[in-house]
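The whole structure should be built from the sequences, with the hints applied where relevant.
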Amino acid sequence: MLKYLFSRLLTFLPTFFGVTIISFAFIRMLPGDPIIVMAGERGISDERYAELVAKFGFDKPIYQQYFDYLWGVMQGDLGESFVTKKPVWDEFFALFPATLELSICAMIFALAVGLPAGVIAAVNRGKLFDRALMTTALVGYSMPIFWWALLLIIVVSGYMGLTPVSGRISLLYYFDNTTGFMLIDSLLSGQKGAFGSAVQHLVLPTIVLGTVPLAVIARQTRSAMLEVLSEDYIRTARAKGLRPSRVNGIHALRNALIPVITVIGLSVGTLLAGAILTETIFSWPGIGKWMVDSIFRRDYPVVQGGLLLIAVMVMIVNLTVDILYGYINPKIRKR
Amino acid sequence: MTDATQNMVQRPGRLREFWHYFRENRGAVIGLWLFAGFVGVALLADLIAPYDPTEQFREYLLQPPVWQEGGSWAFPLGTDVVGRDMLSRLLHGARFSFYIGIIVVSVAASGGILVGLLAGFAPKWLDTIIMRVMDIILAFPSLLLALVLVAILGPSLINAMIAIAIVLQPHYVRLTRASVIAERSKDYVTAAKVTGARLPRLMFITVLPNCLSPIIVQAALSFSTAILDAAALGFLGMGAQPPTPEWGSMLADAREFILRAWWVVTFPGLAILITVLAINLMGDGLRDALDPKLKRS
Chain A
1 MLKYLFSRLL
11 TFLPTFFGVT
21 IISFAFIRML
31 PGDPIIVMAG
41 ERGISDERYA
51 ELVAKFGFDK
61 PIYQQYFDYL
71 WGVMQGDLGE
81 SFVTKKPVWD
91 EFFALFPATL
101 ELSICAMIFA
111 LAVGLPAGVI
121 AAVNRGKLFD
131 RALMTTALVG
141 YSMPIFWWAL
151 LLIIVVSGYM
161 GLTPVSGRIS
171 LLYYFDNTTG
181 FMLIDSLLSG
191 QKGAFGSAVQ
201 HLVLPTIVLG
211 TVPLAVIARQ
221 TRSAMLEVLS
231 EDYIRTARAK
241 GLRPSRVNGI
251 HALRNALIPV
261 ITVIGLSVGT
271 LLAGAILTET
281 IFSWPGIGKW
291 MVDSIFRRDY
301 PVVQGGLLLI
311 AVMVMIVNLT
321 VDILYGYINP
331 KIRKR
Chain B
336 MTDATQNMVQ
346 RPGRLREFWH
356 YFRENRGAVI
366 GLWLFAGFVG
376 VALLADLIAP
386 YDPTEQFREY
396 LLQPPVWQEG
406 GSWAFPLGTD
416 VVGRDMLSRL
426 LHGARFSFYI
436 GIIVVSVAAS
446 GGILVGLLAG
456 FAPKWLDTII
466 MRVMDIILAF
476 PSLLLALVLV
486 AILGPSLINA
496 MIAIAIVLQP
506 HYVRLTRASV
516 IAERSKDYVT
526 AAKVTGARLP
536 RLMFITVLPN
546 CLSPIIVQAA
556 LSFSTAILDA
566 AALGFLGMGA
576 QPPTPEWGSM
586 LADAREFILR
596 AWWVVTFPGL
606 AILITVLAIN
616 LMGDGLRDAL
626 DPKLKRS
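Line by line, the protein sequences are chains A and B.
Residue numbers for the first sequence, in this note's numbering: 1 to 335.
Residue numbers for the second sequence, in this note's numbering: 336 to 632.
Residues from chain A that keep clear of chain B, each with C-beta distances beyond 10 Å, as calculated:
#, residue
1, G57
2, S166
3, L242
4, S283
With the Cβ distance kept under 7 Å, some of the chain A side facing chain B (calculated, not the full set):
#, residue
5, P14
6, T15
7, G18
8, V19
9, M29
10, L138
11, F146
12, W147
13, G158
14, L272
15, I276
16, I295
17, L307
18, V314
Everything labelled a hint here was simulated from the structure, so no lab data went into it.
Glycine is no exception: its CB is placed at the ideal position from the N, C-alpha and C atoms.
So this is what it looks like as structure tokens:
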């Protein structure tokens, strides 16, 4: 196990350095001079220009700049936003809980619907229900989620008037940001109706962000279940006279879950990509909207820092999934 | 159709077998027909569209579709906010999506196959370097990386296509490399080596044709990913620029009017969904027909 752990870490490190090189190179690959861009339309005097070149280290050789950058990254220094002048690191972690909350809710929604749907489809293989479900899953998988979001807004918010169209909570409520999770904070605040308002704001973004993972999970669960259901031990369990619900729900599902868990781990990247669109449409103040806004505002340190932090996060999650997987399934370690 | 039949006569084995398995999957056949319709529309958009996609009829702003009150047969699917005919724009949009799919998949697949072959045949150190570089690209969520690349290159449809091709390419590299490694140790490759085949011949003529099945499936699936991602970039204002009738950017234009004019939002998205769904249905059928492991015996 230790050897496996080492080999995984050994592939993690070069990728990490590669990601830092990419985010380092990003600002330097942009067309135009970043300092001129930062100065904006007001322009900049020659002395101030020289001062800034020295401050950002653009006068040093390129490898020196990279090592300075890497040294900063190791200490959590990702530079400051051009626009707000706040450290990128602080901004990221102030907004991150909003994205995390939305992603967790989307994943719970996807699992709560996708897992049972996949199991039921597999058990009823070839029947009408199976076919209808798998067609729906394929539609969900093919869905342009930004359009799906607009449709839901038209129907649920527009015609039915059930949910608000943007933000995390109604402006009527104000309370301290204790955990960063609106659902928990609103409960802690003790204000009447605050929690309900937070839930209302969360419903549509959750559905939108959860749709593609839901379809993937339903399809994956179904095919994993089908594979397991043809195994000998399932036949044995049936022959013993166990109830079908026990055979399907306990014997089969438990083993079918292994590939499904991998899919869940690997969908972190999908969730973050989906969060970019979902958050932009619903004005959800999280990482995805922050990145898109920063790209449009040409706030390059934010784009650079966000890019790095998001990639590192995806890598850490993938590494954890890999290690857990090796822990659960010893066969993998030997490869 | 006659071409296909002739082909089948010349090479009865493979194609017929493929068609046999493909036809079993009814969804795949439906997908194929839908896709054929999409290609037809894309190629003939100029001929079948009633108007020019950028022509503005200023007297008919936001006119609803024909079946709704206030609609007329002059604009069967209504008009958008500056009075352009929705139907014509949708038909021309098919052309853009088709271009996007074809170009992105060709660039990503040819680059990915080349690098994957190289990695499969290269000494270990080069293989490791190539695969780590691919890991780095895969560490970024695809849409985010595409967005940032477009920010560097400047927003346009061409740059969006380049960005998406770069983002999709590692999948081809991994797939090709895995099949190459599986094939490389087989007897027929050793035989070719012994008879003196040089490396390029070994790569492209001996091994590559035997690695193609998973790559073809991947090509079908990334065709739909390319269309979806390009539409997403267009929607965010980082892809095709107005007045290009690209489906994603049409949706972006329509966002302000969603509660007033449902048709400007509904139709472009529906077009994307149907196209992507058709391709995915077809891709599923291709996978079942080409992958012997999943074939129902």
